[in-house]
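The chain contents come next:
Number of protein chains: 2
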Amino acid sequence: MAVKGVVHDALPVRDIAQSGAAPTLRKADLHASVRDPVLETMTFLNEVTYRYPDAISFAPGRPYDGFFDIEQIFGHLRRYLDHEAGQGRTPEQLRTLMYQYGPVAGQIREIIADSLREDERIDVPAESIVVTVGAQEAMLLVLRALVTGPEDAFLVSSPCFMGITGAARLLDIPVTPVAESEDGFSRAALEAAIAKERSRGRRPRAFYVIPDHSNPSGATMSLRARAELLDCAARHDILVVEDSPYRLVSPGPPLPTLKVLDKDRRVVHLGSFAKTVFPGARLGFVVADQPVVDDAGRTTLLADELAKIKSMVTVNTPALSQAVVAGTLLAANGRLSELNARAAVHYDAAMRLTLRHLDQCLPAARRAALGVRWNRPAGGFFLGVRVPFRADNAALARSAEDFGVIWTPMHYFHPDGGGLDELRLSISYVTPADIAEGVARLARFIEAQSEPS
Amino acid sequence: MAVKGVVHDALPVRDIAQSGAAPTLRKADLHASVRDPVLETMTFLNEVTYRYPDAISFAPGRPYDGFFDIEQIFGHLRRYLDHEAGQGRTPEQLRTLMYQYGPVAGQIREIIADSLREDERIDVPAESIVVTVGAQEAMLLVLRALVTGPEDAFLVSSPCFMGITGAARLLDIPVTPVAESEDGFSRAALEAAIAKERSRGRRPRAFYVIPDHSNPSGATMSLRARAELLDCAARHDILVVEDSPYRLVSPGPPLPTLKVLDKDRRVVHLGSFAKTVFPGARLGFVVADQPVVDDAGRTTLLADELAKIKSMVTVNTPALSQAVVAGTLLAANGRLSELNARAAVHYDAAMRLTLRHLDQCLPAARRAALGVRWNRPAGGFFLGVRVPFRADNAALARSAEDFGVIWTPMHYFHPDGGGLDELRLSISYVTPADIAEGVARLARFIEAQSEPS
Numbered sequence: 001m002a003v004k005g006v007v008h009d010a011l012p013v014r015d016i017a018q019s020g021a022a023p024t025l026r027k028a029d030l031h032a033s034v035r036d037p038v039l040e041t042m043t044f045l046n047e048v049t050y051r052y053p054d055a056i057s058f059a060p061g062r063p064y065d066g067f068f069d070i071e072q073i074f075g076h077l078r079r080y081l082d083h084e085a086g087q088g089r090t091p092e093q094l095r096t097l098m099y100q101y102g103p104v105a106g107q108i109r110e111i112i113a114d115s116l117r118e119d120e121r122i123d124v125p126a127e128s129i130v131v132t133v134g135a136q137e138a139m140l141l142v143l144r145a146l147v148t149g150p151e152d153a154f155l156v157s158s159p160c161f162m163g164i165t166g167a168a169r170l171l172d173i174p175v176t177p178v179a180e181s182e183d184g185f186s187r188a189a190l191e192a193a194i195a196k197e198r199s200r201g202r203r204p205r206a207f208y209v210i211p212d213h214s215n216p217s218g219a220t221m222s223l224r225a226r227a228e229l230l231d232c233a234a235r236h237d238i239l240v241v242e243d244s245p246y247r248l249v250s251p252g253p254p255l256p257t258l259k260v261l262d263k264d265r266r267v268v269h270l271g272s273f274a275k276t277v278f279p280g281a282r283l284g285f286v287v288a289d290q291p292v293v294d295d296a297g298r299t300t301l302l303a304d305e306l307a308k309i310k311s312m313v314t315v316n317t318p319a320l321s322q323a324v325v326a327g328t329l330l331a332a333n334g335r336l337s338e339l340n341a342r343a344a345v346h347y348d349a350a351m352r353l354t355l356r357h358l359d360q361c362l363p364a365a366r367r368a369a370l371g372v373r374w375n376r377p378a379g380g381f382f383l384g385v386r387v388p389f390r391a392d393n394a395a396l397a398r399s400a401e402d403f404g405v406i407w408t409p410m411h412y413f414h415p416d417g418g419g420l421d422e423l424r425l426s427i428s429y430v431t432p433a434d435i436a437e438g439v440a441r442l443a444r445f446i447e448a449q450s451e452p453s
Numbered sequence: 001m002a003v004k005g006v007v008h009d010a011l012p013v014r015d016i017a018q019s020g021a022a023p024t025l026r027k028a029d030l031h032a033s034v035r036d037p038v039l040e041t042m043t044f045l046n047e048v049t050y051r052y053p054d055a056i057s058f059a060p061g062r063p064y065d066g067f068f069d070i071e072q073i074f075g076h077l078r079r080y081l082d083h084e085a086g087q088g089r090t091p092e093q094l095r096t097l098m099y100q101y102g103p104v105a106g107q108i109r110e111i112i113a114d115s116l117r118e119d120e121r122i123d124v125p126a127e128s129i130v131v132t133v134g135a136q137e138a139m140l141l142v143l144r145a146l147v148t149g150p151e152d153a154f155l156v157s158s159p160c161f162m163g164i165t166g167a168a169r170l171l172d173i174p175v176t177p178v179a180e181s182e183d184g185f186s187r188a189a190l191e192a193a194i195a196k197e198r199s200r201g202r203r204p205r206a207f208y209v210i211p212d213h214s215n216p217s218g219a220t221m222s223l224r225a226r227a228e229l230l231d232c233a234a235r236h237d238i239l240v241v242e243d244s245p246y247r248l249v250s251p252g253p254p255l256p257t258l259k260v261l262d263k264d265r266r267v268v269h270l271g272s273f274a275k276t277v278f279p280g281a282r283l284g285f286v287v288a289d290q291p292v293v294d295d296a297g298r299t300t301l302l303a304d305e306l307a308k309i310k311s312m313v314t315v316n317t318p319a320l321s322q323a324v325v326a327g328t329l330l331a332a333n334g335r336l337s338e339l340n341a342r343a344a345v346h347y348d349a350a351m352r353l354t355l356r357h358l359d360q361c362l363p364a365a366r367r368a369a370l371g372v373r374w375n376r377p378a379g380g381f382f383l384g385v386r387v388p389f390r391a392d393n394a395a396l397a398r399s400a401e402d403f404g405v406i407w408t409p410m411h412y413f414h415p416d417g418g419g420l421d422e423l424r425l426s427i428s429y430v431t432p433a434d435i436a437e438g439v440a441r442l443a444r445f446i447e448a449q450s451e452p453s
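First to last, the protein sequences are chains R and P.
So in this note's numbering, the last spot in the first sequence is 453, and the numbers never skip.
So in this note's numbering, the last spot in the second sequence is 453, and the numbers never skip.
These aren't lab readings, by the way, just hints derived from the structure by calculation.
In this text, a Cβ means the ideal position worked out from N, Cα and C, and glycines have one as well.
Misleading hints may appear alongside valid ones.
In silico negatives: residues of chain R with every beta carbon more than 10 Å from chain P [unchecked claim]: (1) G163; (2) D172; (3) L330.
One side of the interface only, derived from the structure: several residues of chain R facing chain P at Cβ under 10 Å [as the list claims (entries may be wrong)]: (4) Q18; (5) G20; (6) A32; (7) V48; (8) T96; (9) P174; (10) T176; (11) D289; (12) V292; (13) L320; (14) L355; (15) H357.
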């Protein structure tokens, strides 16, 4: 390091006329996305969580990590390398595969395609897949590709996952909320939204939805609702963006994906390994098998166009993340459902326990009198509780301070405001003992808050 | 899988009224970034490379990977885990660290801060660092934060790395090119560009530059040029975005970074491990220690605001990539320069060999007669060769087909057109034998192409 010192000491510092005072940037002069109201509220939620460390929190939607084992990482990586060697790759090729810049669209697309066939009967060519840094990056790519300017509308089921609204805000895209019904989809609401956008001269491009155990509502679309959605999309010539992070976190066979029901290649399917085998790998993907035709008549896939955008976002997804997730999938012949079976039982038990304690602490007659109700998701991480008071930040602060229980205001998830009479509970990251005590605390808070003051 | 079959077979398919024909998307209806001229030209370059597999290519700017060894990955990961255990983390905490969603701004910021102090004498708090998926994501974050709309101008040194212009196009940001001089910076050009933007009512926010062994020109800014740039930035109240991927790919002490010369916290410094210890990890970072003040007078760092944007792009950088790069840095007490010493010697030899063969094949008198010249970078991956003919795609195709040598047209890197009289040679991924033969072929191509036709 001494040599470097010489260079530094030799600086003609007299030539560097600076004030020594940092320029002060005004937050108002930064892009609006840093003042995203969702981010501001999440900051508030984090602060509450930090200030009341003894409160039981039903806020975090993170997956349970008790079944993971660090030593497995080494094994998964080795399995992937052995697999690639078995495919005939030389040691030099393996080295390049792991260490070098890789293909923009990903290096484990065949393995993901196999997994989709095994688990979901989704049968798509590997070329229609782009591997992404979490489904979050996939959302950004899809939004960017489909929305060219203010004349394009992007519709989202509301209440809505913050990731898609955040990515839209980053791109200055105002999303169009479509109110969700109890079973996760309202055809009337979607058609009204499409008609309204058309009447304003805008072109509805796509509708984003989480059909299974949605975040935040916990709703799952019925088979009929799925069929209606696909029919509606075909009639109105829009794409459906299906996000699927919570499909395999519950035991038993889920309903078919929109993608497998889709005969028209009208569904862009987003997948994620972040809620199952390896959150920290940040691995997701998008299936985009829609043909795209340019002015010269040449055809590509939407996946090819998404990959071009990805080359400007992250260039390619880290080889290590791809390798470890692929190695994990290979351990079960691609059956993510099998790999996640134990965790699925865990989440299922947590959801049932939460619902049972809610029923005990706020029995039917009592909750009817109070005007409280909740949905009963068959699985997943989330449920919604309607309450007869404003479930806002002030209520959250009181809940944490006076009752020792934390939840997420549902209005955080409403792009158009609303949702102030509801709170989201997440059961994915809370222990059985904490569920019992936490629900009791929540019931006391709801009772106290619901009384006429 | 049989159970799932039952569900699928029970579908009320009669309700799913779809045509069975895929909707055809028009490429013209997708965002302009997928029609990025740079991407189109890169596609052409890839096609040429594919069509002429026996041609020697000076096109790829990828790092040499011959010194990597796959088994080291396991060791680096283990070293990081041992390090974290040594910091007092329990096995459960280690598990969470690796498997769970991590902090948006990164989990190895202290280790990167230590490395910057060791290698670069850049002394910044870990809180001013955001770990990103390659420096590419960092560029996107910085562009997004600083450019709020058409009233903001973002200046780039031209010719310019495609990553920054691509990210800008993705965000619908038109960059303002500032012509680079022989030593990498022209104060007159920067001041003229700033004045022009101001006269148009726009607010110049920042100037992007690669001071060391720039991509594509190979230019390195002198110490005086660095001082002038900082002075100019202070006078005109703009930020400087310093990208530094090629700093440690050459032997010997580099000139000080702009960041270390910066007394005003006016420099946003981008770093990357993609050209040194681990390209496939896709790990980069941004140092943004500028204070940001909101309307209520609260102060954050620009890094905090960049992290908010990152939460909408990739959420957080994969733990695996962070762990393996951190483990690598820990092997040398943070000295990236030491870890890359062997590769630096390799690149240095390749650059000298290329220059020597150019001198032999096109001696001074001959190249003067032809009107050919090139710069003589002291290191890095790239050099530029000026030629007396249009170095466009047609010339590239002829060069590959008739002479068996491939290069990159410099005009790909000019945001405002221009650069048609220059080609870029990359020496990073070509063997010594191929350098000798490739330069001989290139000289024959230049001779043939320069003759009056």
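- Query: Does R/H357 pass the interface hint, meaning its C-beta sits closer than 10 Å to a C-beta of chain P?
  - Reply: violated (26 Å)
- Query: Was the hint right that R/T96 lines chain P, CB cutoff 10 Å?
  - Reply: R/T96 check passes; min Cβ-Cβ to chain P is 6 Å, inside 10 Å.
- Does R/L330 really sit off the interface, with its C-beta more than 10 Å from all C-beta atoms of chain P? holds (17 Å)
- Message: Min Cβ distance, R/V48 to chain P: is it shorter than 10 Å?
- Response: violated (18 Å)
- Query: For the hint on R/G20, does the least C-beta distance to chain P fall short of 10 Å?
  - Reply: For R/G20, the interface hint holds, since the closest Cβ of chain P sits about 5 Å away, which is under 10 Å.
- With 10 Å as the threshold, tell me whether R/G163 passes as away from chain P on beta-carbon distances. violated (7 Å)
- Message: Tell me if the interface restraint on R/V292 is satisfied: Cβ within less than 10 Å of some Cβ in chain P.
- Response: holds (5 Å)
- Message: Checking hints one by one. Is R/L355 an interface residue toward chain P, by the C-beta closer than 10 Å rule?
- Response: Not OK, violated: R/L355 not within 10 Å of chain P, min 24 Å.
- Message: Restraint: R/Q18 near chain P, CB-CB cut 10 Å. Satisfied or not?
- Response: holds (4 Å)
- Item | Interface hint outcome for R/T176 [beta carbon to chain P under 10 Å] | Violated, about 18 Å.
- Would you check whether R/P174 satisfies its interface hint, that is, whether its CB is within less than 10 Å of any CB in chain P? violated (14 Å)
- Status of the stated non-contact between R/D172 and chain P (beta carbon gap over 10 Å): violated (8 Å)
The structure is inconsistent with the numbered hints 1, 2, 7, 9, 10, 14, 15, although it conforms to all the rest.
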